[in-house]
Amino acid sequence: MTVDGVPNVRVCVEPVREGATVRAQNVLGSLDRDLLNVVDRIGGPFTPVGFYYRTMLRPRRLWPQYERVLRNLAGLGCLDKSGRRSGRYDVEHRRADVLVIGGGEAGVAAARAAAENSVGSVVLVDERAAPHIDGVETLAPARAIGFYEGGLVPVDAGNVLYRFRAGKVVVATGTVEQPLLFPGNDLVGVLLPQAVRRLVDDWALKPGDRGVIVSADGAGLDVVEQLRRAGVEIVEVVDLRESLPSTLAANGRRGRLESVTIEGRELACDLLVMSGGRQPAYSLLAQAGARVEYDARRGIFVPVDLPANVEAAGSVTETEPAAAPPPPSFDGGDAKGRCFVCICEDVTEKDVKRALAEGFDSLELAKRYTTVTMGPCQGRLCHLPSIRLYARETGSDEGAIGTTTARPPWAPVSLGLLAGRGLEPAKRTAIHHRHVELGATMMWTGAWRRPHSYGDAAGEARHVHEALGLIDVSTLGKLLVEGPDAAAFLELLYPNRFADMKVGRVRYGVLGSDAGRIMDDGTIGRIADDRFYVTTTSTGADTVIEWFDWWNAVWGMDVEVVNLTGALAAVNVAGPRSRELLGRLTDVDVSNEGIAYLDTKEAHVAGVPCLILRIGFVGELGYELHFASPYGEYLWDTLLERGKDLGIRPFGLEPQRILRLEKMHIIVGQDTDSESNVLEAGMPWIAKLDKDDFVGKWALEHVQARGFREQLVGFEMANGVVPAEGGQIVLDGRSAGRVTSARMSPHLGKAIGMAWVRPQLAVEDARIEIKVDGRLEAARVRLKPFFDPKGERLRA
Amino acid sequence: MRDIFRTRRMWRRRGELKPRYDVVVIGGGSHGLATAYYLAKNHGITNVAVLEKSYIGSGAAGRNTTIIRANYRTPEGAEFYRSSVELYEHLSLDLDFNLLFSQQGHLTLAHSDRAMITMAERAEVNQLLGIDSRLVYNDETARLCPELNLSDDVTWPILGALYHPPGGIIRHDAVVWGLARGADRRGVEIHPYTEVTGIERSNGRVTGVKTTRGEIACDTVISATAGWSTLIGDMAGVPLPITTHILQAFVTEPLKPFLHVIIVSSQMHVYISQTDRGEFLIGAEIEPYTTYRGTSTFPFLEYSARHTLELFPQLESAKVLRQWTGLCDISPDYSPILGLTEVDGFLISCGWGTYGFKAAPIVGTTLAELVATGRTPQLIAPFTLERFYTDTLVSELAAAAVSH
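Just so you know, the sequences run in chain order A and B. Using my numbering, the letters of the first sequence map in sequence onto residues 2 to 797. Using my numbering, the letters of the second sequence map in sequence onto residues 3 to 406.
Think of the hints as simulated: they come from the structure by calculation, not from any bench. Honestly, I wouldn't trust all of these hints.
Stated by the list, open to error - Calculated Cβ distances over 12 Å to all of chain B for the following chain A residues:
no., residue
1, V12
2, A114
3, A130
4, E226
5, E319
6, D332
7, A427
8, I528
9, K645
Unchecked claim - Not everything, but these chain A residues come out facing chain B in the computed CB check (under 10 Å):
no., residue
10, G440
11, M444
12, V704
13, S736
Stated by the list, open to error - Derived DEER-like restraints, expressed as beta-carbon distance ranges:
no., chain 1, residue 1, chain 2, residue 2, range
14, B, H271, A, G708, 52 to 62 Å
15, A, E425, B, A374, 45 to 55 Å
16, B, A374, A, K337, 47 to 57 Å
17, A, R796, B, G239, 54 to 64 Å
18, A, R85, B, T375, 51 to 61 Å
19, A, P760, B, P241, 49 to 59 Å
20, B, A144, A, D98, 32 to 42 Å
21, B, H271, A, G136, 21 to 31 Å
22, B, H271, A, E226, 21 to 31 Å
23, A, G734, B, D393, 23 to 33 Å
24, A, S244, B, H271, 30 to 40 Å
Ideal Cβ positions, reconstructed from N, Cα and C, are used throughout, including at glycine.
The following block holds chain A by itself, in its conformation from the complex (with noise of 0.2 Å):
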């Protein structure tokens, strides 16, 4: 049923709410004039089990039409299309020294004992009630979700997800009572024993007027007595451990119990209650490593060999007096109606045997075949008997058929529940509410927080050409890299030389893998002999410091890595008057001579101590400065401030972006791929392949002696389109290599990209075509920087 638009609730369990909305499910009007009974009644003879598999093959073209019936029959309730999350979940980690589940008489007898010894925190979860006992935390109702990963148990307390672990768990999961397999078993009015108990004892409700009570073990026998108080005649009681009928059934009319047919006696009743024994509940034990084997003398499955921490109380493991295990199905007669092995997926014996008889004669592909044990009990109902009826088809035992895997979840639990309030967290820079205050869009660089721009992203590029911009860039993976052997353990990482590189120097690197392939680039500044500064793109920050510590380890060199990314803050300073500004902010000689391109140099900037590295990714005169993140606003405001007469403008990634494609500097991940190398990448000067040795040297050697199947090469449009960044290039109606990145630039006036492209088109000049909105448009190679190819602006 569904309730207050919740699907397939279980209402015999779900307690009446005031003002709840109770609607019938997967019904075609009403449940008592259901429309799909018809065709569950005149379909019946023509849709055995799988005959899905076998029907509306022909013709092919018609398929989709038969799919949308079959859908639309299949699935119980119905979602709310418009439904919102109420998000009312939360979840909480909880640790207990003791874990009870079950709160039956031998789980409140555990958590009574091993309150009273003393051990500790002790918590009882039960799924319907539990009582108090003094020293114990009761949670309930609740139910624990399964059996995880170092002894996580999650429960489940309706808004609460509850994940614990604790030093010992007592499984008291007890028993689940079986249906016993006979035609007419799914008419109401059939009931297990519990469900008795419930009505009578919980509910006191009487429910039935004449009840037969069919029972394979003493738990149908004991609701004699509470059915008799509750002023049910009992019309017959069959212990099956006596007398074995050779015939049972249950005849009904529009769907409800009206008799009994045992031997030929046609027993007038609206009540039957069957018993086919008690079950262990080990799912729980299992899924916690216990092993789970067929007890042929019970006819029941028992979890054995419990791990360490994990145990077991009351009926879960103990030996009851033998209860001798029933027919795998009992024989009908001429009854009508049908023998269910599973009410959840509505299988009956005659699937189950024909299923057998087709070849799908192992447990797991007779499940798969007829969906036994797959439904919303999880096989509580029908697993034993299903495997019963197994044995007894294919002639051999219930132990050498054994049980299926006990998959977790245990029980159904809901995605909200699990989603819990459904927070993701975002990584922001010590800076980002001035962007925000500054009007800038955000946009995700990885788990970056970055603005995008600050509402003009042509002009602030143009901006930084002509005068002087200001742009966050602490999102940087930062790393110090110190220790007598710091020089030599860069020197194997990098591609790149850094043995002979000075104090007070910077260099770009570019980082590969151990097959020579891009993982990522930035700079590298030598602070002192014993000391690197290493910056990291934004994204690949921890994929960087994994790899060194990895390579740390395997070398073991005197090296500390450290990662400063949060640590610091850090700014780019960039446009041809970003001289003139840090000038007035520091004490330290800022001319050509003082800080050349590419120095590093510890000073203090606006009284904070920073680190200035002068490099040019955007491809004019530019400090970059990092400091510690909680001056961030300040320096951000002072820079504004102290140059304000100068011009200044902050600009976000997307200009920034433009700015380093005029300059065909790459950005890792985008212009390049899992399998792009430094030489085919248009960067042969990065790998030194004299050193004796370093990560992907073997790799690289290889692309040289094999020559190149692609490169990196810049282009520029014939006539200003700009292409899609993913975009092919086409040679005779085949793709000859990819746009990776591309733009209208601004200052030059062109509509300017990079790609990769066959190396015979790798050449100044050559022709390209790109495929733009389906026409092919004509481009020329580039193989310089389409700004500054000398970098003189740079070095001025």
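For this one, chain A is given, so just place chain B on it according to the hints.
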């Protein structure tokens, strides 16, 4: 239709192993059975045994999330999978077994401009090969999937999507059973519960296999063992550049039709479809650690649920019924390894990562052709094991370590 009313065995009962077969296929999953089926059907090679250590379809074939598509990134990959989709489209009729192939369309969402570039690239590559695949923006996405949450009020707003109308889902077990029946009826022997314990070689070529049920002589062994490929490769003395990871998935309780298109989000590592049975089938990216242990984890359920609800808040009350794991054989470039090895007579199909099931029929036809003719078909030439020695990798990874 006639089979509705009478019970007919799908395949023969398992018999004794013969002392000798022309071809031994290791692995009774979709690839092994497809290869056996096409060996018999296309080339008349029927003295074939399929050895399966458990029941047929017990590995990746029975655990995958059943998505069939051709919108790959590399021209090599896209062309290969296009052929597979075409074979799948006719496989139900070919096998006379309804595989319930539901070509409902496939939407890969982009939540970042970087992802949009990858989608654009795939669309362009696909269109050049005549594959129905294009970039769509949120107005069209809203028409294709009105239930999808396209608002900005989420962590990762959707910017666009790659739409691939022929993409679909299929009943994976039916593919296994249909192929097994087809192979069996043509004379192929299927031996479940028969585990291979060794591969015999002499002078650099295969001479037989050892199994838990005895030894078999043969000239050709085909390994189609996915997550266990490296172990079988070791038996043949062929080291494979494969690591084995788990991939996790779960299904919800069956619900009435709600979602009519397959939704994939690489950003959130989640893909969602609703099967013909009404269950929502939700899978994730592979776990980063290597293992053969198929243990399901709880954090997987938590983050998958979180990400699913970002896309479909209406599913808040839907309940998870069952979760499971499968093994994935990951190759360095995320493309498969297919065909000959340095040991004569030892052929492989591995390195499928999360894309294996989609390729079953085309793997079957091409490997069968290779066995029958001794020549590697053009379609699978880019995917040889040799490429790791000649450095001609085929990168299905868009950016470093982001599959799609």
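Structure-based check of each hint:
| no. | hint | verdict |
| --- | --- | --- |
| 1 | V12 | holds, 15 Å |
| 2 | A114 | holds, 29 Å |
| 3 | A130 | holds, 22 Å |
| 4 | E226 | holds, 37 Å |
| 5 | E319 | holds, 29 Å |
| 6 | D332 | holds, 20 Å |
| 7 | A427 | violated, 7 Å |
| 8 | I528 | holds, 28 Å |
| 9 | K645 | holds, 32 Å |
| 10 | G440 | violated, 17 Å |
| 11 | M444 | holds, 7 Å |
| 12 | V704 | holds, 7 Å |
| 13 | S736 | holds, 5 Å |
| 14 | B/H271 with A/G708: 52 to 62 Å | violated, 38 Å |
| 15 | A/E425 with B/A374: 45 to 55 Å | holds, 53 Å |
| 16 | B/A374 with A/K337: 47 to 57 Å | holds, 55 Å |
| 17 | A/R796 with B/G239: 54 to 64 Å | holds, 58 Å |
| 18 | A/R85 with B/T375: 51 to 61 Å | holds, 59 Å |
| 19 | A/P760 with B/P241: 49 to 59 Å | violated, 32 Å |
| 20 | B/A144 with A/D98: 32 to 42 Å | violated, 53 Å |
| 21 | B/H271 with A/G136: 21 to 31 Å | violated, 44 Å |
| 22 | B/H271 with A/E226: 21 to 31 Å | violated, 57 Å |
| 23 | A/G734 with B/D393: 23 to 33 Å | holds, 27 Å |
| 24 | A/S244 with B/H271: 30 to 40 Å | violated, 59 Å |
Consistency note: the structure conflicts with the earlier hints numbered 7, 10, 14, 19, 20, 21, 22, 24.
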